[in-house]
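S.K.: Given chain F, work out where chain R should sit, using these hints.
For the protein sequence lines, the chains are F and R, in the order given.
Take the first sequence: its letter number 2 is residue 2 in the numbering used here, and every next letter is one higher.
Here the numbering used here = 1-based position in the second sequence + 844.
Worth flagging that the hints you see were computed from the coordinates, not collected in a lab.
Only a predicted model underlies this, so the values are computations on that prediction, with no experimental measurement involved.
Don't be surprised by glycine CBs; every beta carbon is placed ideally from N, CA and C.
There may be inaccurate statements among the hints.
[Said to hold, decoys possible] To give an idea of the interface, some chain R residues facing chain F are shown, with a C-beta separation under 10 Å as derived from the structure:
(1) THR850
(2) LEU857
(3) PRO859
(4) VAL863
(5) PHE867
(6) ALA895
(7) LEU902
(8) GLY904
(9) GLY907
(10) TYR911
(11) LEU916
(12) ASP944
(13) VAL948
[Claimed, not checked] Examples of chain R residues toward chain F, derived with CB under 10 Å:
(14) LYS858
(15) GLY877
(16) ASN888
(17) ILE903
(18) SER905
(19) GLU908
(20) VAL910
(21) ALA913
(22) ARG920
(23) ASP922
(24) GLN927
(25) ASN946
[As the list claims (entries may be wrong)] Below 27 Å or equal to it, Euclidean Cα-Cα: the simulated DSS-like pairs (lysine-lysine) are:
(26) LYS937/R - LYS560/F
(27) LYS880/R - LYS543/F
(28) LYS595/F - LYS894/R
(29) LYS617/F - LYS858/R
(30) LYS48/F - LYS139/F
(31) LYS804/F - LYS849/R
(32) LYS894/R - LYS858/R
(33) LYS322/F - LYS191/F
(34) LYS804/F - LYS794/F
(35) LYS794/F - LYS858/R
(36) LYS90/F - LYS104/F
(37) LYS543/F - LYS894/R
(38) LYS918/R - LYS804/F
(39) LYS104/F - LYS880/R
(40) LYS802/F - LYS880/R
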Amino acid sequence: MSKQRIVVIGNGMVGHKFVDHMITTQNDGELEIIVCSEESRLAYDRVKLSSYFSGATAKDLALTSREYYHDNDIKFRLSDKVAEINTDEKYVITEAGHKETYDKLVMATGSYPFVPPIPGGDQEHCLTYRTIDDLGEIKSSAAISKVGVVVGGGLLGLEAANALKQAGLETHVVEFAPRLMAVQLDEGGGKLLRRKVEDLGVTIHTEKATSAIVKGEECRYRMNFADGSFLETDMILFSAGIRPQDELARKFNINIGERGGIEVDNFCRTSATDVYAIGECALWGGKIFGLVAPGYTMAKVAAQHILGRDKVKFLGADMSTKLKLLGVDVASIGDAHGQTPGAQSYVYNNDIEQVYKRLVVSEDGKKVLGAVLVGDVEAYGGLLQMMLNDMDLPKNPEALILPSSSGEPVGLGVDSLPDAAQICSCFDVTKGQIKEAVASGCTDMAGIKSTTEASTGCGGCAALTKQVLDAELANLGYEVKTDLCEHFAYSRVELADIIRVKKIRTFGDLLNSHGCGLGCEICKPAVGSILASFWNGYVLEDKHIGLQDTNDIFLGNMQKDGTYSVVPRVAGGEITPDKLIVLGEVAKEFGLYTKVTGGQRIDLFGAQLHELPTIWKKLIDVGFETGHAYGKSLRTVKSCVGSTWCRYGVKDSVGFAIDLEDRYKGLRAPHKIKFGVSGCTRECAEAQSKDIGVIATENGWNLYVCGNGGMRPRHGDLFATDLDDETLIKYVDRILMFYIRTADRLQRTSVWLENLEGGLDYLKEVVIDDKLSLAAELEADMATNIENYQCEWKTTISDPEKLKRFSHFINAPDQDSNLYYVAERGQKRPATEQERIELVELAD
Amino acid sequence: MSNWKTICSVADLKPSTGVCALFEGEQVAVFMGASKNDLYAVSNYDPFGKASVLSRGLIGSVGETVYVASPLYKQRFDLMTGQCLDDTDVSLKTYQIKVDNNDVQLCRESA
Chain F
1 MSKQRIVVIG NGMVGHKFVD HMITTQNDGE LEIIVCSEES RLAYDRVKLS SYFSGATAKD
61 LALTSREYYH DNDIKFRLSD KVAEINTDEK YVITEAGHKE TYDKLVMATG SYPFVPPIPG
121 GDQEHCLTYR TIDDLGEIKS SAAISKVGVV VGGGLLGLEA ANALKQAGLE THVVEFAPRL
181 MAVQLDEGGG KLLRRKVEDL GVTIHTEKAT SAIVKGEECR YRMNFADGSF LETDMILFSA
241 GIRPQDELAR KFNINIGERG GIEVDNFCRT SATDVYAIGE CALWGGKIFG LVAPGYTMAK
301 VAAQHILGRD KVKFLGADMS TKLKLLGVDV ASIGDAHGQT PGAQSYVYNN DIEQVYKRLV
361 VSEDGKKVLG AVLVGDVEAY GGLLQMMLND MDLPKNPEAL ILPSSSGEPV GLGVDSLPDA
421 AQICSCFDVT KGQIKEAVAS GCTDMAGIKS TTEASTGCGG CAALTKQVLD AELANLGYEV
481 KTDLCEHFAY SRVELADIIR VKKIRTFGDL LNSHGCGLGC EICKPAVGSI LASFWNGYVL
541 EDKHIGLQDT NDIFLGNMQK DGTYSVVPRV AGGEITPDKL IVLGEVAKEF GLYTKVTGGQ
601 RIDLFGAQLH ELPTIWKKLI DVGFETGHAY GKSLRTVKSC VGSTWCRYGV KDSVGFAIDL
661 EDRYKGLRAP HKIKFGVSGC TRECAEAQSK DIGVIATENG WNLYVCGNGG MRPRHGDLFA
721 TDLDDETLIK YVDRILMFYI RTADRLQRTS VWLENLEGGL DYLKEVVIDD KLSLAAELEA
781 DMATNIENYQ CEWKTTISDP EKLKRFSHFI NAPDQDSNLY YVAERGQKRP ATEQERIELV
841 ELAD
Chain R
845 MSNWKTICSV ADLKPSTGVC ALFEGEQVAV FMGASKNDLY AVSNYDPFGK ASVLSRGLIG
905 SVGETVYVAS PLYKQRFDLM TGQCLDDTDV SLKTYQIKVD NNDVQLCRES A
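Just chain R, same shape as in the assembly:
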């Protein structure tokens, strides 16, 4: 049984930008791609810059992969998998995300 928690309303997200949510004591970067059906959630902590900033990064695509580029040193992270595209050894924690009745909800990735 998943445990979904509402963090904000869809209207709080703008296309192609991110926000940071406090979710069970963790900083989660939440992004909207081109539309509200296109949401992503990964850890907000940038393991390269060692600061909680990823929600403030630019969203881009390479081929089909949608990624966020860190605002500090521009490393790119696949928003679906959390995998860093510039360093195979590094990846971000990801979270499940959905829209329910205009509420944006997060849930821990089931193991």
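Isolated chain F (complex conformation):
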């Protein structure tokens, strides 16, 4: 039997979902799939487009890769739009003239932005916001603009406004309706959203119909409004809604709805035989579904049907949404406007804390029909589940939206949800699937995310997913075991609290009072690190030395042959020629392999134990100090050259980097910490990939937190903007100490933040708003640490007792006879096993 040929038109999020579904569910090789797309790249995350302006790249947004398609034998043609469909003979022809026959055709052509027919609306800087290519144009236009206007105050419009704001423009939103997000929000919600968005510096103009776009006086353009007023701007983004991309269907006689959209049935079949339509181009029950979750469901339904399974049907979708627009939490559930006959409402409005909630209930007061939440969307998950599962409201439904006096979230217990309840709508993950994942061994959010994909889309269900996870762990009788190891029945966080509160100074005391046994390679370094974080004693003191891991114990990084590397501190990467010469001389004298590190320092490899003190003495004598490259501690503060030399620099990044490095040097933490400081937005110091990233702006510093390079790269999150030196340092003190107190052992800041309940917002509340009243304490802890700083190598070389350990043999001056080296590119390196055998033979 020949393979079934499936042609997919469009490779947006939904088109890709269809392909991916086919890849994962088909039997090997039973299908041949050909994808045609007019865009130049494979599918990417359109929902997160605006992150492009906060530093995400096209690659970050990508949902798949060419390799993935190749590996799975998916053929694809990019930048080549389908121009013709022949539904009788079953083929399509692309603009470039390629003909592809099909057994099944899937149209996933998506939608296009609606641009109102305004005279003058087709000028150079009048753009739309839909594709990555659009973003490129917006970026170029923004670079030569000061003022930007978004036409459209809906969900996408506000996303677009966010993009303009991040691009640094004075941003306006022009909306025809009397309020923002008129579809999803009622009057009260729209009003509060407007106030919040305006507080963020975006100007809102409602009830404005643009009549013409003409040449401006102050700016490039002037928008004339129907009411006689006007607004000047340099660029305009149209985001006034979407229209289904149904051009092909229209042209080749596939049925479309009166107001557009390709008509489909419950299996996403169109009027033409063997032709399906999915996503925003499809019209089901007279409705277009402009969200990604229903599109994904359609993709699944069509895929299943093509594979000959007709159990799953598309029967409409819930259009509830929860999202963050310009940093404002907004959610809309079901009948948000209370249009159901007899619908009644509970409304909670708090002008002081800027929270608005409306709960719409049925005539008999028993069921949830809908809700609007602005400023506090905690109740979203619970209310949505109540509505979707037709659950009865509790006795006092108002409690669901009122702030609780106990601090406990009010709502439904997740236990009351049926297994079929959909928890993650982006990836259609049910409570049952999460339970299964837990049963199969996932015991944390990271595991649930990678197994089920729950909460990896918009993230709106993260809190609910966590609740299901925790409840399930409890149900299964999991004692969620966080014990550090067999010697301590406490987690690292608990041990940190015990040590800090009870002022415990040694591992021995802690073991006596709270542990058992001798300790091990897990708890000893962990406790050693905690003691150093809070009290910052000399790590080689007799009472601490046994706790130090491989590198700390000899204040060097052990290499594969047991020799060490030496890394002196070069704060901010700034070094004088004289010091550089000394490094060269020392390297030469001791025959050390020399390499520049990623953190703008110089690494000298191959030093033997007995050589370390002599090497360090020479370095310390000319003013170097230890670089703590061996510690789980502050490593480097990388910087670009900044305003002192660079033509583009706006602030002295090197100077500030040195200040920061001097302040936090030697700070031991659950894992290593790296900083970066860039002197302008070009970001040459790559600060956004650091635990703490600092980028100069015209008005101060932007602070990014919890980025990471390495194994699992993560861009730092923007934490605060335009800070002065003092405020920045205050925040960093608090963030780092909070990290030290609450992170797990060997947990980098990136993973810590991802696991921190409440995430970035919570961290901001703790650090900026001082929600826990901890700020002063955290700063004091940091001050203690800084006060007790010492160069560990300086202390060591001045103590003859300590130096005794720095020899290979306690009873002989001999060196380790197992070291063999060969030359390569003008330097030495450890011999491989084969080379070693040859060298030994030669010597014999």
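M.R.: Just chain R, lined up with the frame of chain F:
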């Protein structure tokens, strides 16, 4: 008749750490556990990392067993028997050790 050789004084050992001694041409890792009555001696050569480093490892316990974890890749070796706890096929040579009048002394394991 055993042949004990002094390698260092007790004061050269710190609790919960090790040193390396040259003993009859062999590298021996010597450890002190919690106290000076708690001494161990095994080969200094790490058969996994293929380097002479074990004396620089961390001492730990699992149940009653006291072990050293290699500083290179963290394999654990029972300090009493030399047996690797993470790979039953591998074990280290062990040596007899005692304190005599503040001298730490080593002796070959009698056959």
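S.K.: State for each hint whether it applies.
M.R.: Hints versus structure:
Given the 10 Å rule on beta carbons, the hint for THR850/R holds: about 8 Å separates it from the nearest Cβ of chain F. Evaluation of the LEU857/R hint against chain F yields a held restraint, the C-beta minimum of about 8 Å falling below 10 Å. Because the smallest distance between the Cβ of PRO859/R and any Cβ of chain F comes to about 6 Å, under 10 Å, the interface hint for this residue holds. Taken as an interface hint, VAL863/R checks out: its beta carbon lies about 4 Å from the nearest beta carbon of chain F, inside 10 Å.
The interface hint given for PHE867/R is met, as the beta carbon of that residue sits about 8 Å from the closest beta carbon of chain F, less than 10 Å. Taking 10 Å as the C-beta contact cut-off toward chain F, the hint placing ALA895/R at the interface holds, the least distance being around 4 Å. Taking 10 Å as the C-beta cut-off, the interface hint given for LEU902/R holds, the closest approach to chain F being about 4 Å. Contact between GLY904/R and chain F, as hinted, is supported at the beta carbon level, the nearest pair being about 3 Å apart and thus within 10 Å.
Restraint check, GLY907/R versus chain F: the minimum CB separation of about 8 Å is within 10 Å; hint holds. The beta carbon of TYR911/R comes within 8 Å of a beta carbon in chain F, closer than 10 Å, and the hint placing it at the interface holds. Of the supplied interface hints, the one on LEU916/R holds, with its beta-carbon coming within about 7 Å of a beta-carbon of chain F, less than 10 Å. Interface hint status for ASP944/R: violated, as the beta-carbon distance to the closest one in chain F is roughly 15 Å, over 10 Å.
Satisfaction of the interface hint for VAL948/R is found here, the shortest Cβ-Cβ separation to chain F being roughly 9 Å, below the 10 Å cut-off. Interface restraint check: LYS858/R against chain F, minimum CB-CB distance 5 Å, threshold 10 Å, status holds. The interface hint given for GLY877/R holds, since its Cβ lies 7 Å from the closest Cβ of chain F, which is under the 10 Å cut-off. The beta carbon of ASN888/R is positioned within 10 Å of a beta carbon in chain F (closest approach about 9 Å), and the interface hint is therefore held.
Given hint, ILE903/R at the interface with chain F, holds; its Cβ is 7 Å from that chain's nearest Cβ, closer than 10 Å. Interface restraint check: SER905/R against chain F, minimum CB-CB distance 4 Å, threshold 10 Å, status holds. The criterion of a C-beta within 10 Å of any C-beta in chain F is met by GLU908/R, whose closest approach is roughly 9 Å, and the hint holds. About 6 Å separates the beta-carbon of VAL910/R from the nearest beta-carbon of chain F, less than 10 Å, and the hint is met.
Given the 10 Å rule on beta carbons, the hint for ALA913/R holds: about 4 Å separates it from the nearest Cβ of chain F. For ARG920/R, the interface hint holds, the least distance from its beta-carbon to any beta-carbon of chain F being 8 Å, beneath 10 Å. Restraint check, ASP922/R versus chain F: the minimum CB separation of about 13 Å is more than 10 Å; hint violated. Interface restraint check: GLN927/R against chain F, minimum CB-CB distance 17 Å, threshold 10 Å, status violated.
A distance limit of 10 Å between C-beta atoms decides the matter here; for ASN946/R the minimum to chain F is near 14 Å, and the interface restraint is violated. With a CA separation close to 22 Å, the supplied pair LYS937/R and LYS560/F stays within the 27 Å bound. A threshold of 27 Å between alpha carbons decides the hint, and for LYS880/R with LYS543/F the separation of about 15 Å falls inside it, so the pair holds. With a C-alpha separation of about 24 Å, the suggested pairing of LYS595/F with LYS894/R holds against the 27 Å cut-off.
Of the supplied pair hints, the one linking LYS617/F and LYS858/R holds, its CA atoms being roughly 24 Å apart against a limit of 27 Å. Taken as a hint, the LYS48/F and LYS139/F pair is honoured in the structure, with Cα atoms around 16 Å apart against an allowance of 27 Å. This hinted pair checks out: LYS804/F and LYS849/R have alpha carbons roughly 20 Å apart, not beyond 27 Å. With a C-alpha separation of about 26 Å, the suggested pair LYS894/R and LYS858/R falls inside the 27 Å cut-off, and the hint holds.
With a C-alpha separation of about 17 Å, the suggested pair LYS322/F and LYS191/F falls inside the 27 Å cut-off, and the hint holds. Only pairs whose Cα atoms come within 27 Å are accepted, and LYS804/F paired with LYS794/F is accepted, the gap being roughly 15 Å. Pair hint LYS794/F plus LYS858/R holds up; C-alpha atoms about 21 Å apart against a cutoff of 27 Å. Note on LYS90/F and LYS104/F: the hinted pairing holds, with a Cα-Cα distance of about 8 Å set against a maximum of 27 Å.
Between LYS543/F and LYS894/R, the direct Cα distance comes to roughly 30 Å. Violation of the 27 Å bound is thereby established for this hinted pair. Restraint check for LYS918/R and LYS804/F: satisfied, since their Cα atoms lie roughly 25 Å apart, inside the 27 Å limit. The hinted pair formed by LYS104/F and LYS880/R fails the criterion: a straight-line CA distance of about 81 Å is larger than 27 Å. Taking the CA atoms of LYS802/F and LYS880/R, the gap is about 19 Å. The hint holds against a cut of 27 Å.
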